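J.: Sequence:
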Amino acid sequence: MPVSLYVCETLLYLRLNRVFVGSLDSVSLPYLKTMRLDENMYDSDTGIESLISSCPVLEDLSIVRRLDDNVRVLRVHSQTITSLRVEHDCGCDHAFFYFDWETLALFIDAPRLKYLNYNNEIAPSEFISNLGSLVKVHFVGDVRITYSHDMEVAYHSNKRSVTFSDVSQRLGIWSSLSLLWNR
1 MPVSLYVCET
11 LLYLRLNRVF
21 VGSLDSVSLP
31 YLKTMRLDEN
41 MYDSDTGIES
51 LISSCPVLED
61 LSIVRRLDDN
71 VRVLRVHSQT
81 ITSLRVEHDC
91 GCDHAFFYFD
101 WETLALFIDA
111 PRLKYLNYNN
121 EIAPSEFISN
131 LGSLVKVHFV
141 GDVRITYSHD
151 MEVAYHSNKR
161 SVTFSDVSQR
171 LGIWSSLSLL
181 WNR
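Using the numbering used here, the letters of the sequence shown correspond one by one to residues 1 to 183.
Because the hints were derived from the structure by calculation, they are not lab data. Check before you lean on any hint, since a few could be wrong.
Unchecked claim - Straight-line alpha carbon distances no greater than 35 Å define the calculated DSBU-like cross-link-like pairs of lysine-lysine that follow:
#1 Lys136 / Lys33
#2 Lys114 / Lys136
#3 Lys114 / Lys33
What the hints assert, rightly or not - Computed spacing ranges between beta-carbons, pair by pair:
#4 Asn70 / Ser26: 16 to 24 Å
#5 His77 / Glu9: 18 to 26 Å
#6 Ser4 / His138: 35 to 43 Å
These numbers come from a predicted model, not from an experiment. Built from N, CA and C at the ideal position, the CB exists for glycine as well.
Build out the structure end to end from the sequences listed, making use of the hints.
T.: Structure below.
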């Protein structure tokens, strides 16, 4: 990827599809509002993290991951994101059956987040905090929701868990979550 792409002062929309994102020493995307990261490979966890955090007005983020993306811990920390989609494309690859799932984790800290779309994310541990603005959550796949203080809620699977922090705010969205899970 050309380095100039990562320091563009006027870019509003960015879609990276099946590219290698190397080490990012200097990233400045001050006007980027929408970012689509589809099936890319990254130098490390910090590559994607610095790309996201370098966008001070980012509102809409979509990440479609692949098994060999080199990201063990995905951190989405943003004060401005209002819509987030995280998906894992496991494809038909035989590596899916031999992949070391236990090393993966997902952390989301986005206080202005309103819409969370969570599709087949395979990390065994997900931590989502600052849910004060959350309006709609859409989960696809098996998930176990737990609250801090060991309070377990409704739908669960043996391997997966999502932890929401800020209990008082989570209780407010519980009725919406239960409606989404009723089949």
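J.: Decide, hint by hint, whether the structure agrees.
T.: Status of the hints after comparison with the structure:
1. Lys136 / Lys33: 20 Å, holds
2. Lys114 / Lys136: 6 Å, holds
3. Lys114 / Lys33: Holds. Lys114 to Lys33 sits at ~15 Å (cutoff 35 Å).
4. Asn70 / Ser26: 16 to 24 Å: 20 Å, holds
5. His77 / Glu9: 18 to 26 Å: 23 Å, holds
6. Ser4 / His138: 35 to 43 Å: The hint (35 to 43 Å, Cβ to Cβ) holds, given that Ser4 and His138 are roughly 36 Å apart.
Hint compliance for this structure: every hint is met.
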